[in-house]
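S.K.: Sequences listed follow chains E and H, in order.
Numbering of the first sequence is given in the working numbering, commencing with residue 1005 and proceeding in unit increments.
Numbering of the second sequence is given in the working numbering, commencing with residue 2 and proceeding in unit increments.
Keep in mind the hints are simulated off the structure, nothing from the lab.
These numbers were taken from a predicted model, which means no experiment stands behind them.
Ideal placement from N, C-alpha and C gives every residue a C-beta, glycine not left out.
Heads up, some of the hints might be wrong.
[Said to hold, decoys possible] Footprint (simulated), chain H over chain E, 3 or more residues, beta carbon under 8 Å:
hint: 1; region: 1508–1518
hint: 2; region: 1524–1537
[Said to hold, decoys possible] Calculated pairs, PhoX-like style, for lysine-lysine (alpha carbon to alpha carbon, straight line, at most 20 Å):
hint: 3; chain 1: E; residue 1: 1576; chain 2: E; residue 2: 1587
hint: 4; chain 1: H; residue 1: 29; chain 2: E; residue 2: 1498
hint: 5; chain 1: E; residue 1: 1128; chain 2: E; residue 2: 1049
hint: 6; chain 1: H; residue 1: 247; chain 2: E; residue 2: 1498
hint: 7; chain 1: E; residue 1: 1128; chain 2: E; residue 2: 1139
hint: 8; chain 1: H; residue 1: 29; chain 2: H; residue 2: 247
hint: 9; chain 1: H; residue 1: 53; chain 2: E; residue 2: 1499
hint: 10; chain 1: E; residue 1: 1527; chain 2: E; residue 2: 1542
hint: 11; chain 1: E; residue 1: 1409; chain 2: E; residue 2: 1320
hint: 12; chain 1: E; residue 1: 1499; chain 2: H; residue 2: 49
hint: 13; chain 1: E; residue 1: 1128; chain 2: E; residue 2: 1150
hint: 14; chain 1: E; residue 1: 1097; chain 2: E; residue 2: 1051
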Amino acid sequence: MEYLSIGFSLLFDPLSLFFLAVIALVSVPSAVYSVGYLRGDCSRKKKIIAWALMAVFVLSMALVVTAGNAFLFLVAWELMSLLSYFLVVFDYKHERSVTAGTIYIVMTHIGTAFITAAFLIIYKYTGSFEFAAFKQACLVMPSNIKNIIFLFLLAGFGTKAGIVPLHIWLPYAHPQAPSHISSIMSGVMIKTAVYGLIRFVISILGVNAVWWGSLVLVLAVVSCLVGVIYAVMASDLKKLLAYSSVENIGIILLGVGASMVFTRMGKPELAVFSLCAGLFHLLSHAVFKGLLFLGAGAVYKATGTRNMEHLGGLIKTMPWTAATFLVGAMAISALPPLSGFVSEWLTLQAFFLGALNTAGSYKIFLSICAAMLALTGGLAASCFVKAFGITFLAAPRSARAAAAKEVSLSMKSALVFMSLLTAAIGLSASYILKILVTVSGCASSIDTAGMDFSLNNFTLAPAGSAAVSAPLIALAVVFVAGTAAALAYFGPLKKRASEGSTWGCGYYDLDARTEYTATAFSKPFRIAFSFFLLPYSKTEKIRESFYHVKSFKYEVFTTPVFRRYIYDPVLKLIIGTARTVRKIQPGSIHVYIAYIFITILALIIFVGRL
Amino acid sequence: MNAALTIIQVLSLIAVAPLVSGIIRKIKNNIRMRKGAGIFQPYYDLAKLFCKEEVVSDRTSWIFRAAPSIALASSVCALLLVPVFAPQAAFSRMGDLLALIFILSLGRFFMALAGLDAGSAFGGMGSSREMFISAFAEPVALLSIFAASFNAGSTDPGAVSAVLGLRLSTMIAAIALIGVAIAETSRIPVDNRETHLELTMIHEAMVLEYSGRSLALVELASHIKQMVFFCLIVSVVIPQGDFALKAAAIIAAIGLIEVSVAKMRLFRAVDFLSLAFVLSAMAVIVSAAGF
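Looking at chain E on its own, in the form it has when it is part of the complex (with noise of 0.2 Å):
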């Protein structure tokens, strides 16, 4: 059997290693909270359960990553994805987590299907599973064929990729997991789908068609749009990070997909540098993405809650979490000088830069698409500035938030340590860059010695160079504003500043019943999406007596648009054919006899004609 004589072979070029650094720049902080996370909560049993089965997860995504033939690729996904489900079902007492871990588990294997098929057409061609060969036989294959890998692999990867529509597991999965795997799982293993599209899609089976890459673009637009809008609704902390984690896997296929369409119209240059800007916002991503989880997972540790409307006042008792949280706030808000800032502003120069270069209908849809990415970014920030505003400003809504107490050691320094992180990827921006230059240039094949982009100084632009440099400007604003406030507060000229309570319209004694909440920050939002988040609200009142209310209860929804119109219908489908088919399993033994009968009739039939 030539299926048993694979090789174990590993692969270690730019991409991989790239990803391999990804994994442990997020794992290793992750690794470090968890120590401080998992005390008091469960059993040393349990808990060493809870570490191995991690490091075989960091394992498992490494050898994603480094796997060499498409067999061993398979099986190390297979592994990510049913050791990922066992910790998302780690809290298997909350009938919560079960459910996000058959949600996830079901759709985590329909892209992995859609993976398998796309690797056995491959293999019909080759007789081999090696990417060696994968690549060699892609060069000869028809390009139909080539289409419907291309669209199997689109599937496979976007699955776990979350992108919409097939995000649906991952706002329920990512968030009950444990905070120190919902890091890893958001920061690093949605973006091993991303490797997976970069390495089989750009890397071996080439591109070969613009609209592949329009498709990804277009895909990446709704992802972006969706994933922020559901994100700015949700008043769950960390599911509002899972529906950013949708945008910003939008965002990194932005870059992907205008490298595929610049592949294919013959711009080597421009296909480089929009891979490098994805790239770069998958790796900033993967930090402020894991740093905010981590941070939300503190929050939870603290207060017992995740739900943003019991939460407020933190950043007066856990104030590390807090400034560690702002910055990842602000990085995912594409803020300057950190990292967020530096992938945008990336994303958007290599569209600028694309629809440049390209005439008619291809100008008009590149700049639509850069629109999109600056109508993600405001939602973003606004989205984030709930997400800070309402968890760690204003006063404590409930007795748990006023009880909190600063997190440990352990999960502070590694809050500390990613923020920190966070800073420098966007302060280095133009080191890190020229590495990523290498790294696109060996994914898609496009030798890049005579590439020399730094972010001070662009070849690619005709008239003059555009730049951007987060470390002056980092020194501009803190010089400005440092001034400002050493004339106003500080100087010889300052002057006394008095406390006062909060202006409450002349009345006193506001309590926080009165401070604004996270469902109303995101009223404005949930109005003008009304047509696709379709609201609905439902009010009672309670009543003393006929002419007396004594309390007034209003609760608002939107409606899982997906969810209600696509897998629902689908679901019931499925079911009712199962249904149906039950029909003809009655449970007599004498119909089972007769059904071996027509069987075996039938089969002899069908041989006595061949």
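Model the placement of chain H on the given structure of chain E, informed by the hints.
M.R.: Only chain H this time, still in chain E's reference frame:
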């Protein structure tokens, strides 16, 4: 040398920024047949606020204290990137027109957080609405900048402001950018600076808790931000023609718009910005068509 020139330019623009607001206010008052305050009133206001004692809510954190300085810094840094009189922006190494959008959002982010910090419903309402409006203004700003930059071949402000011929696409982009400027500087029909009515205010609700010197910084930051947008339109997007004339035109236009339309409901503001978005998309399409 160039850097020194740019810094002088920025300082002089900061010095006249409140004056621009004063002139707009004067124009509005004159059209309404009122005498109104003098054009130097914003300076008196700033001086008054700077001398007043400050009251800070006991619920606030360091975010509330830091936000005004950061907002001011973000406005000033954005202004550094806009070439007006200095030949080429010496600070073009720091960032381009795309970076300018991001730098402005830094100040907005912190002001919105500060609005939530005091824990009053007004502040939260203001923050929510400010972020809402700006989320819809951002794609318009980006597409307008794209349209203007296509002609220059780069998003570098110096290169864009050096374009010689006036093109239809940049003119449409400039009109779309005026829409953004109206939304971002809290003017009618999107917001109204002159009212403190709870249900309608956006920016003023967000900064309601500020007083004294912090409020002075916040006010100065918004004057400078307005200057950034005006300079962006009259000297980067449309660099041709006499600067003073164009500046006068845009100031008059903003004043006229403010007195001639009514403030829109919050959700109508989305329609207003959608119109601006369509205009900016038009600018890109016209530019793709070669005009």
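S.K.: A separate judgement is required for each hint: does it hold in the structure or not?
M.R.: Hint by hint, here is what the structure shows:
Coverage of the region 1508–1518 of chain E by chain H holds [criterion: at least 3 residues with CB-CB distance below 8 Å; count 4]. Only when three residues or more bring their CB closer than 8 Å to a CB of chain H does the claim for the region 1524–1537 of chain E stand; here the count is 8, and the claim holds. As the CA atoms of residue 1576 of chain E and residue 1587 of chain E are separated by approximately 17 Å, the hinted pair is consistent with the 20 Å bound. Restraint check for residue 29 of chain H and residue 1498 of chain E: the C-alpha separation of about 36 Å exceeds 20 Å, so the hint is violated.
Straight-line distance between C-alpha atoms of residue 1128 of chain E and residue 1049 of chain E comes to about 47 Å, which puts the hinted pair past the 20 Å bound. For a cut-off of 20 Å, the pair hint linking residue 247 of chain H to residue 1498 of chain E is broken: about 40 Å separates their Cα positions. Of the supplied pair hints, the one linking residue 1128 of chain E and residue 1139 of chain E holds, its CA atoms being roughly 13 Å apart against a limit of 20 Å. About 18 Å separates the Cα atoms of residue 29 of chain H and residue 247 of chain H, which keeps this hinted pair within 20 Å; it holds.
With a CA separation close to 8 Å, the supplied pair residue 53 of chain H and residue 1499 of chain E stays within the 20 Å bound. Of the pairs offered as hints, the one joining residue 1527 of chain E and residue 1542 of chain E holds, with about 15 Å between alpha carbons and a cut-off of 20 Å not exceeded. Between residue 1409 of chain E and residue 1320 of chain E the CA atoms are separated by roughly 10 Å; this keeps the pair inside 20 Å, and the hint holds. For the given pair, residue 1499 of chain E sits about 13 Å from residue 49 of chain H by alpha-carbon distance, which is consistent with the 20 Å threshold.
Among the hinted pairs, residue 1128 of chain E with residue 1150 of chain E is consistent with the structure: their alpha-carbon atoms are about 13 Å apart, no more than 20 Å. The suggested pairing of residue 1097 of chain E with residue 1051 of chain E holds, with an alpha-carbon distance near 16 Å, which does not exceed 20 Å.
Against the hints set out earlier in the document, violations occur for numbers 4, 5, 6.
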